[in-house]
Amino acid sequence: MERRKGKIWCAGMVALLLISLVGSGVAVSPHVPQGDAADSGSKGQLQGQGQQEQMEQETQNTGEDTAIQMQQREEVRAQKLSEVRVRIEQREQEMVQEMQSLGEEQQLVYQNQNQVRLAVHSLLAMEDLVGSIGPQVSQIAREFNNSVHATIRAEEQIQSRNRITRLFIGGDEDAAQEIEQQVIQNQERIRQLQQLIQACECDEEIRAMLQEQVQAMEQEQTRLQEVARQEKNQKGIFGWLWK
1 MERRKGKIWC
11 AGMVALLLIS
21 LVGSGVAVSP
31 HVPQGDAADS
41 GSKGQLQGQG
51 QQEQMEQETQ
61 NTGEDTAIQM
71 QQREEVRAQK
81 LSEVRVRIEQ
91 REQEMVQEMQ
101 SLGEEQQLVY
111 QNQNQVRLAV
121 HSLLAMEDLV
131 GSIGPQVSQI
141 AREFNNSVHA
151 TIRAEEQIQS
161 RNRITRLFIG
171 GDEDAAQEIE
181 QQVIQNQERI
191 RQLQQLIQAC
201 ECDEEIRAML
211 QEQVQAMEQE
221 QTRLQEVARQ
231 EKNQKGIFGW
241 LWK
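So for the sequence shown, my numbering puts the first residue at 1; every next one is plus one.
Just so you know, the hints here were simulated from the structure itself, not pulled from any lab data.
These numbers come from a predicted model, not from an experiment.
Misleading hints may appear alongside valid ones.
[What the hints assert, rightly or not] Restraint ranges, calculated between C-beta atoms of paired labels, are given here:
id: 1; residue 1: M70; residue 2: G103; range: 48 to 56 Å
id: 2; residue 1: Q51; residue 2: A78; range: 36 to 44 Å
id: 3; residue 1: R163; residue 2: E92; range: 43 to 51 Å
id: 4; residue 1: E74; residue 2: Q177; range: 47 to 55 Å
id: 5; residue 1: S82; residue 2: Q195; range: 22 to 30 Å
id: 6; residue 1: P135; residue 2: Q185; range: 13 to 21 Å
id: 7; residue 1: Q79; residue 2: Q107; range: 49 to 57 Å
C-beta: ideal position from N, C-alpha, C; glycine also.
Kindly produce the complete structure, drawing on both the sequences and the hints.
Listed below in structure tokens is the structure:
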């Protein structure tokens, strides 16, 4: 009887102890083997390294693709530039051949005007090399080409004026005024070209080629101004009657 009471008392004490532990908020955590936790950490680390390596590889591939595209664009640009140079040389040779079939007076006119004609041809050929300003450059070049035709006619008219007419009447003032008018318009076109060259998103080689054509045009306008001035200064003996 005494032994049975002792067992009941021990069981009661154990029950009270468990109730006390639960009431105090002490939780019994499940046992996690250390090996499983270590494996989980290693897998996470390896996964992170794999993602980083993948990102680095993608960045490298993007850089390589960009370099290839830049190289391809440069090759295309170089090819187009080479083709333009060939076209300019061919046009220059054609002009030389044209000169051989002209008379002496016409040769005097064309040997100077051909510089502008070649510059016009060059600007038209370079349209695809100068980016967004290409259409504007070509439009100005075509206007210059029309002006060249007008100044050639006026200068031929001056060259063909005979000496007797010059002696008595003087120079051809109408032709001189036509040249002066064309020069004024061409100077404005040159100013527009200079502004376009400054805005051109092109490399220095192409920019230098553009500037070379503009310089040839400027020099010809200076010469034409002098031609007009000299022609107007020839008054003739009775020139005042026609003024």
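Comparing the hints with the structure gives:
Evaluation of the 48 to 56 Å hint for M70 and G103 yields a pass: the beta carbon distance comes to about 53 Å. As the Cβ distance of Q51 to A78 is approximately 41 Å, the hint placing it in 36 to 44 Å holds. Our hint of 43 to 51 Å for R163 and E92 is violated, since their Cβ atoms are close to 34 Å apart. Our hint of 47 to 55 Å for E74 and Q177 holds, since their Cβ atoms are close to 50 Å apart.
The beta-carbon spacing between S82 and Q195, approximately 28 Å, falls within the hinted interval of 22 to 30 Å. One distance hint, 13 to 21 Å for the beta-carbon pair P135 and Q185, holds here, with the actual separation near 20 Å. Separation of Q79 from Q107 is about 36 Å and departs from the stated range, judged on CB atoms against 49 to 57 Å.
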